[in-house]
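**Student:** Going down the list, the protein sequences come from chains Y and A. For the first sequence, our numbering assigns the number 15 to the initial residue and increments by one for each residue that follows. For the second sequence, our numbering assigns the number -16 to the initial residue and increments by one for each residue that follows.
None of these hints come from the bench; they were simulated from the model. You may find that some hints are simply not true.
What the hints assert, rightly or not - Covered stretches of chain Y, as calculated for chain A (at least 3 residues, CB under 8 Å):
no., segment
1, 37 to 50
2, 73 to 82
3, 112 to 123
4, 166 to 173
5, 192 to 203
Claimed, not checked - Here are a few chain Y residues that face chain A, going by a calculated C-beta distance under 8 Å:
no., residue
6, P217
7, E220
8, R254
9, S257
This structure is a prediction, so every number in the text was calculated from the model and none was measured. Don't be surprised by glycine CBs; every beta carbon is placed ideally from N, CA and C.
Letter by letter, the chains look like this.
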Amino acid sequence: MPKAGKKVAILSIEGTNCDAELNSCFQQLGADPEVVDLKQLTGEVDDPSLRRRLADYDVLMFPGGFSAGDYVRAGAIMAARIRSALGKELFEFVEDPAHLVGGICNGFQVLVELGLLPGRPGNRLSAPQACLTTNDSARFECRPTFVSWEGGNFRPFSATPKGSVYFFPSAHGEGKLVLSGTEGTSLKDLEAAGQILFRWVDPDGEPAGYPWNPNGSEGNVAGITNPEGNVFGLMPHPERAFSLTARDRVLGRPTRHPVLTGREFLAALL
Amino acid sequence: MTQSERDIPEGPTLPMLKTPLPELTRLLSEFRLGFSPPEIERLREYFSKEGRDPTLVELAGIAQSWSEHCSYKSSKIWIKKYLALLTDNARSLAMGDAGVMPIDEEWAYALRIESHNHPSAIEPYGGAATGIGGILRDVLAMGAKPVALADPLFFGPMDLPRKDLPDGVKHPRYLFQHVVSGIADYGNRVGVPTVSGSLTFDRSYIGNPLVNVGCVGLLRRKDLVKNRVGALGEKLVLAGGLTGRDGIGGVSFASKELSGKSEKESRPAVQLGNPIMKEPLIHAVLAAVEAGLVSGMKDLGGGGLATSSGELVSAGGFGSILHLDRVPVREKGLEPWEIWVSESQERMLLSVKPENVPAVETLFHLHEVPVSVIGEVAEAPWERLYWKGKLIARLQVPFRVDPILLERPVRKHGRSHGTPLPAPTNSWEDILSRLLLSYDGCSREPVVRLYDHEVQGRTEVAPVSGDVRTPTHSDATILRIDPRGPKGLALAVASLPFVGAIDPEVGGSEAVVEAVRNLYATGARPDALTDCLNFGNPEDPAVMGDFESTLRGLATAARGFGMAVPSGNVSFYNLGFGSGIPPTPVVLAVGIHPDVDRVVTTSLHSPGNLLYLLGETDPSLGGSLYQRIFGGHETSLSPSDVPTVRAMGTAIGELARQGWVRSCHDLSEGGLGVALPEMAFGRGLGFDVTVPEGKGLPAWRALVAEGTSRWILEVEPRHSSQVESALSRFAFRQIGKVTPSEGIYRAEGKIQARLDLAALYPQWRDFLRGER
């Protein structure tokens, strides 16, 4: 038997629909992932064997999708449910610097709605300090996109060279990051604190407008971290760029830098 | 027939036995129960033997099962004759709500296509959305996880002047926008990628747009579920959405023509979709299947619980007891008959062994999906419905479920004599740009982007491919089956209504051939297809004649390629406001790709590579895009020779496995003229080709002809001799080479067109952008 890898919880409620492929990616990377319904963590299950405890995991992932339909505002309903039913456990989980919490697309929206991103020092669950709002195009769009890492506090990336470019497809209608601008949460503040995880770039790694920034996000921000660097969220989908052939196929012409995929990103989390 | 006192159903009845026939017919139609004279005769005979009048609940249930939509009564004999007996169907693992085909020892796939035409004409957003909901359930009912959606759509012309729009008809642009939004909002939320489809715009679809939707699912072979109950005493478990008043009478609405009154009369027949009920329903059902808790399953679609429960128990050879008051409802005051026939969405009926019921309930509760044991499997042949303990219906299942099959009169289609198109006087540049910059010839990317085609992470080749900076059309979409292996599913959709309008048999076969040609172009092998047969009024012998001819063509082609047709759908009564649609068989073909790392795509690869044309060019232009844009009445067709197409396609697959085909594109709408720019766009390259010409083949016809079956292949010079010798037994010739820019077409010894592809690309790509 191979040594069991990190335990990853992929949290789902009705409408989170990118859980299975994220689970499959972590399995292929040798981790020990599991899709866990929120009710399994809060204990609302008929069968006690379904009960799970957050503290038993190393990594908590919020996958993409349309949690509860996203009919109010993307991520808002799931965040409200978690806040009321799992707030304390989540706070304790995040407080441990050895734990990692991540959100992809809808999961990022949930973390922002929870106030965990961009977050305040000390990881208190607080009022949201930002919002992921409707794309400038006013449409849901599914398209190949690229992001770059320019250095920051994201701990899993301590060994990753600055300027690395990744191919992560995006598919969202509400991905434009708008910061409240209150103390500590302006774009400048996040940059100074190393909280910018990824910026949208073109295939050559250069900042560019639509469609390379598919939503009009301020400063081309595609993903951010909390001040401690153990909570992160990003709009595009690394789990959809797991095969190298898919990447090679979308890059029919040469690019300035080698382009990495979701495989490298997700492996760094483990 | 004797029966105990307590076995006589209570509740309001319809006086059937004593009412004279004309009066009875009037009475039935007053209750909106559309029975034909022989059906009324059958009803009277049955209830005379019973010695009682039918209750209204009983009649409502019978009407659902006997409707055209549910029973296929007009088409069944033809489907049986042409499709059901195809030898390759023996390879299928099941032919139920969806067909199921094996992939290997471990995996299988399910496939089905359906129409949601009438609801979409009245309420395009909801109609398109619930169409997806229905097809997902069909695939789910086999125990398969839906992994791909395909949406072939047909509308009137986008630029139709308002004055040409009949009263009560919605403008094609409005229908297009709302259908696309409905697909996007439902499909994206439910987490199944929309990876294939087609868009056709023509005046013949003004009064009756077509909204077809196909679905492919993946399952482990051990998880295959049959659409029948397993044994006496099994519990019938209803899971999913709550039951309401929406979608009542949907099947009768689908089984008649649209008219100016449809808007008002039939709104209630359009169901309401809820993807956020469907998504967890899929999870819960698949979890229950994987745990081996489900003995049989069926989705609730047309005709609601009445049809679904009837077919589920009938297929198992049993009867049933159902308590309608145990159906979870959305609103108070629903009548039993409404619960019985409601088409409320997102519901599945499971047959579960009594000891497995608690485990099933646990799974559905975990996913927050309502679940209720509403009855059980009983002795054949009786179906008994109860309402608060009272018996309200008691019928023999075979009588209730099996309709009288019709052998409607058939009249053969006479081929009309057309007029050959004259040689064009405009330049080739003008011809080509008008073909490319048309609603039918332009890029589908603006629509593709609105659909999540990547969710589930299986998409290896999206509907648009090439470099991200300049995507172009793919021939077939490729999905990876299992991340641990190289195999892929290849999906392609095709229909040729304008060929079918000239000769329905050719239209039927060419729809198969075109879809298959797309599969071959990627290196895949065709395996099975599912068809949606959209036709006019089956009571019109000419329509039935077209239907039969189409089926014959379709079946002949499927047999020729060794493909199974394990599922399909028939949609009649597609005529509204006086104009019928052309015979429109839509084919969703599925192929198996042996190695997704070696998929061939359409984008030209490198300057200097050689371009070859595989297949014989024929001058016919009947049904072509050229004729539709420039006008004319040519009716000449050049059908494909299926064995030759199969041999050529198989050869492409072998060359692809060797890595000798750099890119490949089939010729379809717009022929050679359109295919070459599409290939060049993908990497921003160019080409320099000589268009074939000869005796009886003017070069301008060779430029835009679509007939027979042809592909363009790009080959590196170092592989040219191997490729040439492998294909020497076919019509195969080098036509030119790949260049860094510009599209040059040569004929008659000179350059006929020089296209500025870099300037043309953004116009082609963005042509539909403002429309969605």
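**Student:** With reference to the structure, classify each hint as holding or not holding.
**Tutor:** Hint check:
1. 37 to 50: holds (count 3)
2. 73 to 82: Coverage by chain A holds for the segment 73 to 82 of chain Y (4 residues, Cβ < 8 Å).
3. 112 to 123: violated (count 0)
4. 166 to 173: violated (count 0)
5. 192 to 203: Per the Cβ count (0), the hint is violated.
6. P217: With a minimum Cβ separation of about 6 Å from chain A (threshold 8 Å), the hint on P217/Y holds.
7. E220: With Cβ-Cβ at 13 Å, over 8 Å, it is violated.
8. R254: holds (5 Å)
9. S257: holds (7 Å)
Checked against the numbered hints above, the structure breaks hints 3, 4, 5, 7 and satisfies the rest.
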